[in-house]
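Colleague: Here's the letter readout for the chains.
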Amino acid sequence: MPAIQYIAFWVLLLLPILVLAQDTEESEKKIELSGFGELDHISYFSREDGKINNRNQAILQTQLKAKISANSSLYTTLEIRNDLSDARRNRVFLDESYIDISTKRFDFRLGRQIVNWGEADGLNPTNHFNAVDLSDLLDFEREELSIYGIRTKYYYKDVKFDFVFSPVFVPALLPADSSSRWLPSLPDQVPNPFEPPPATINAQYRFEQANPLQNYNFAEDWQLGIRSSFQWPWLDASVSYYKGWNDVPKFSQAINVLNPNLLEISFIPRHYQWQFIGMDFSTATGKFGWRGESALIISDTPREGDVEKDPVFYHYVVGVDRSFANIIGDNNLFVILQWSHKIIFEGGSFPADDLNHIFQRSLLLRLEQDLGAYAKFHLQAVYDVLYGGLYFQPKLRYAIRDGLNLEALADILGGKSGSFFHQYRNNDRLQIRLEYSF
Amino acid sequence: MKKILFLSMLVWMCINQSDLNAQDLTALEIMTKSDQEINSDNEYATLTMKLINSRGKERSRQIEQYIKTDEADNRSSLIKFLAPGDVKGTGFLSIEYSDQKDVQWLYLPALRRSRRISASDESDNFMGSDFTYEDMEREELEAYDYTLLGTVSVDGADCYHIQAVPNNDKKRKNSGYGRREIMVRKDNFIIAQIDYFDKKDKAIKTYKASDIKQVEGSSKWRVYKMEITNLKTQHKTVLAFDEYVIDAPIKEDLFTKRYLESAD
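Residue numbers (the numbering used here), protein chains in the order written: chain A, 1 to 438; chain B, 1 to 264.
Because the hints were derived from the structure by calculation, they are not lab data.
It cannot be assumed that every hint is accurate.
[To be verified] Below are the DSS-like pairs computed for lysine-lysine, each with C-alpha atoms no more than 30 Å apart in a straight line:
1. B:200 <-> A:104
2. A:104 <-> B:88
3. A:395 <-> B:88
[What the hints assert, rightly or not] Label-pair distances were calculated between CB atoms; the ranges are:
4. B:140 <-> A:426: 58 to 66 Å
5. A:343 <-> B:50: 49 to 57 Å
6. A:88 <-> B:138: 27 to 35 Å
7. A:287 <-> B:112: 21 to 29 Å
8. B:110 <-> A:253: 33 to 41 Å
9. A:106 <-> B:112: 12 to 20 Å
By construction, the Cβ of each residue, glycine as well, lies at the ideal position given by its N, Cα and C atoms.
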């Protein structure tokens, strides 16, 4: 863990204690400690030589909230993670750490934080402040990486303005090396650039990790956004603008001849700036909830200039949800159906394996069926209409007791050859998770 | 002889005093007085909700709730879950407009934002309990025909025994019940018991109130323990109220998405 994070954590942890130790007239001083502990096991149905084939992980996350005054509080989250099967996942991680200050019309948040914009469920075209840990592509929950920033909200009647500024962007964490099952398979042999075809040569690969602080330029390496939200009795709606950096990079390649029979091909991340002009809404009619979100995305060429920029495109997500009562006995069912679509103005579509563009034309389903008061069945499914990819995640969650939950889930990937999910068809897996929240 | 007759009349009047009182109020008047007693413009409560299955296994939720009725008779309620850890921070904001559709939002800490949700069916279970939204809402006095069936004793307290039947097609369609038998205490107009019948007139649920007392600093009576049992599954929900604060001012700001999202 970088030294600055250690220092920041301990200062922020001790600050409320120091404040509370002062003699004060404030009547409402309070520290709340909460969090969760988790044991997580993953087994892949097919084992692959040279790959990490399971996960045996423990997580402890503690959240400390300290009320500094009537209008301000401090919030810090620390996560400790240890994976017996993959030491690279081990970390002591300052998740969020910020101060909240409120006045009659303003809310200020200063520090390391996660920003969540948008009304759609799960897929949010207007929400791009926080990168995600993509070292395991199927980890969806609690994988956002916090950013240093200042967030200001201004409220006037039923209108809210939300302004976010972060001086440095955080890149996504990508699969680290070839031992990860989530790196796309790359050929052992490639065309020999020094000899005419069909000559080939052995190849090995190296993936560089991005370090935005290495050549940090304050004038350019920031991100900011502004969002105006409106609330009527029948509709919530927002318009937004974001300018910043795509935390999932494109890659340029560099070739290094190690010996006459071996090339080293390096993948070098190239982050680039982009802008979003977005809008979102949610409403309800009868028993149905409707929500939608969209953005016009304009990308720049990466600074290094050695990778092509994305064309201008429009991404929208629309969804509907409904609850059904007494489907199995007295148990309810909740269903969400969403459609995601990316439209490139100059025509065409993005490659199937582009991590930035998985849901170009996709149908997403989520359902939750109560099974009594203690159990629930979940199903998430994605159908990639454009390339024919398929993904399912059935999950059973059981409440052993208050705050203690056991989950068993499976991830099934497949579909047509050439689709994004099909390339990971050997990564079908079973996961068991025990979580205690306090 | 005249003395005996007079004394007999006096005895008869004493024995039937309760019947005379019942005849003084109609069923609708009794329900109206009950509605006035159990509702107030501003109300705050903390409670524990226990869900108990037929095998005695329990799940528990600690809840804080604010209710406010404004001058236009719009009723806002904010419910925050305080425990256990896996639901802590979850919030539910509901605005029941007098002249338009209700609006509801749900705040989930994991999402870090609130989510507008479709107004639930009256017959849907409230937060996984045996209470439905219909049970939790204020009684729509104009939507039922009330009939006084007589008097009964519930836990030693004399009660008016009233039958409530939906009186319009919309209510008959939306309600989860064909009829209800409501026992209203004569001394304080608090509802002591309700027997619920489905549309085939089969008994499906029973509600019982206990630990009924006046709220400190108020003339209002409140139920400090509510228990509702599903007669089919034998699952029950118990609400144990720790604290009531009645008619103390509650800021309008509380019933906004801003406060709902900052409740974490």
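Colleague: Hint numbers the structure violates, sorted upward?
Modeller: Hints 1 and 6 contradicted; others consistent.
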